[in-house]
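Given these sequences and hints, build the entire structure.
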Amino acid sequence: MLKIKQVYDFLSAMKTGIFLLMIIGLISAIGTVINPNHFFHTTYFKALLLLLFINLGFCTINQVSKFIKVVSKGKSKKAYLSRQISLLMLHLGIVLILVGGIVNAYNGQSLNIKIVQGDSINTADIINTKNPFSLTVNKFVIDFYDDGSPSQYISEVSIKEKDKLNHYSISVNHPLKYQGIKAYQHSYGYMVKVFSNDLLDSERSLVAEGQTLAFNNTTRTINLYRYIPNYDMRYGMNSKTARPDNPKIIYSLNEGEEMLGIGLADFDEEIVVDDNTSLTFTSVTPYTVLTIKSDPGLWLAAIGSILFMLGICWFWLFVSQRNRKSGNTTQGGINNGHN
Amino acid sequence: MDIINELLIYSTLGLYAIAAIFYYLGNKNKINLLPAAFGLAIVALGFNFLSLFIRTVASGRLPLHNGYEFVLCFTFFTVLMYLFYEKYAGDTKAGTIVMLVSTLLYLSIPLLMPYHINYIGNVMPALKSPWLAVHVITAIVAYSAFALAAGLAFLQIKNKTFTKDNYVYRIVITGFATLSLSIVLGAIWAEQAWGRYWSWDPKETWALVTWIVYAIYLHLNRYKNWQGSRANILVIVGFIIVLFTFFGVNYLLSGLHSYA
Ligand code: HEM
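Protein sequence lines correspond, in order, to chains A and B. The letter at position 183 of the first sequence is residue 191 when you use the working numbering, and the numbering goes up by one with no holes. The letter at position 137 of the second sequence is residue 149 when you use the working numbering, and the numbering goes up by one with no holes.
FYI, nobody ran anything at the bench for these hints, they're computed from the structure. Backbone N, C-alpha and C define an ideal beta-carbon position, used for all residues, glycine too. Do not rely on the hints blindly, as some may be mistaken.
[What the hints assert, rightly or not] Per the computed footprint, the stretches of chain B lying under chain A, defined by three or more beta-carbons under 8 Å from a beta-carbon of chain A, are:
#1 136-144
#2 151-165
#3 179-191
#4 209-218
Pasting the structure below:
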């Protein structure tokens, strides 16, 4: 029994907590320099966060029981109550935020999905959900400022619910909340429509950037390199703005591994591939990329955040007021006779 | 208009520098330059505010969107807080170092971002959120408080008879509370914009590191041997990390805080 108590005391000690915070701070700083994309997801780092969670959790339990003991004696001063309750809220808030994070790490789901304008998806095909629904992207729109820089990206979607069709729009900073999932505007791109007298895969008329097209009557191929909404020589292969002021398509003509040439095409301009083969890019269809997410831990983290914010503000008020009233020079009024 | 903006920035820079010198001489010598130093600081603060005001009118939004605007706010709140401290605590000793820090902050404008003075870009979609305003304001107030606390901590280390531990503690608590709010508000914004409230991007992580340093300071404060000089060193280290979070991360590490 003594051993368990010793382990508990160690795990709940403030010194252990300070040490853990120090280690986590140091390692985080180092982590931003060496491969930040993977570093923070390593087991070692997660174990450290878990230890902090255990430490803070135990410590909070101790604080609560001590607080109850003191209060039940019935002689505690108002200042003591203020200080202890605010600190409890603050620490408990952090514990809840960590619980929320852990729940999300084990049960949260988040996936990016590319949907071409006009297509539908069913959420059941993307993530595990109790209330699946199907979502259609009717239109993807970019709003522009006068100078052609984007001011908003909007996916206009509809969801079929029984016999009714409901319309929603998803834009940056305005995710859609529906049946326990959230859908965010993540990014976008374009598919190009092609027409040819000789396409090998005649089914395929919508082509993505980077794809190669093969033909029946020639061994030559066309690679659709990139769609440029607003072409300007000075910007090279980058679009001047995202607004389709001067749309062009960059493609290459290839024979096997060898590149025969690079071209810049307008829409509906005929491109001669070989004697009997030609091709035109006829139009462009945007696709949107939505992040589909479910986070069952979010409400815990949200409650934790509120507790944490209220606690820290209250503690701040306590420290400022106490010093103003008593004018004492001891630090932060720690000496309240109950420690 | 462009000329006015530039003139305003350079005169503010000059005024902060002269105020620093006046505070230095005033604190050192018998000549009574301190009221003049205070006056200069007030005028500089007024000019600083004018730059912010013109920016707000010209852009039609709060000046909280890029490095240049952050520096204007950062300096403004640092000096404002110092002037309150000077009146409230009746102490002018920290004037030199606070004005020096303000001068250096302002100096970063012509050195690192001169063309921003007259360039107002459009706001990208991810930044169009009411959470952004409160997130940035709280962060800047926090950084300013840490600047002032570090100034006082530095003086205490240099001069053992200068004892303002209680002020340092309270100013750090103020910075710590606002930084805490800032981190949570930033997380709320990130959750709305990207669907993730925490993604360990360099800026976020360094803000967390800053927060941890001050959390350690607050916890160690209850141990007698961690008050005084050792605590003051932590406060200064904290501010160096603040500066790295503010400047270093932008210029040295690449962030993920962008849309697509
Ligand atoms: C993770 C971030 C943490 C934050 C932001 C935080 C914040 C604070 C603050 C602001 C105080 C008041 C300090 C003062 O009196 O000046 C405090 C006190 C305290 N903290 Fe933390 N803390 C954290 C983690 C921890 C951990 C890991 C422990 C470890 C067990 C811990 C245990 C305590 C204890 C025992 C007190 C003193 C309470 C009292 O005086 O009754 N804290 N904390």
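Structure-inconsistent hints, enumerated in ascending order:
2
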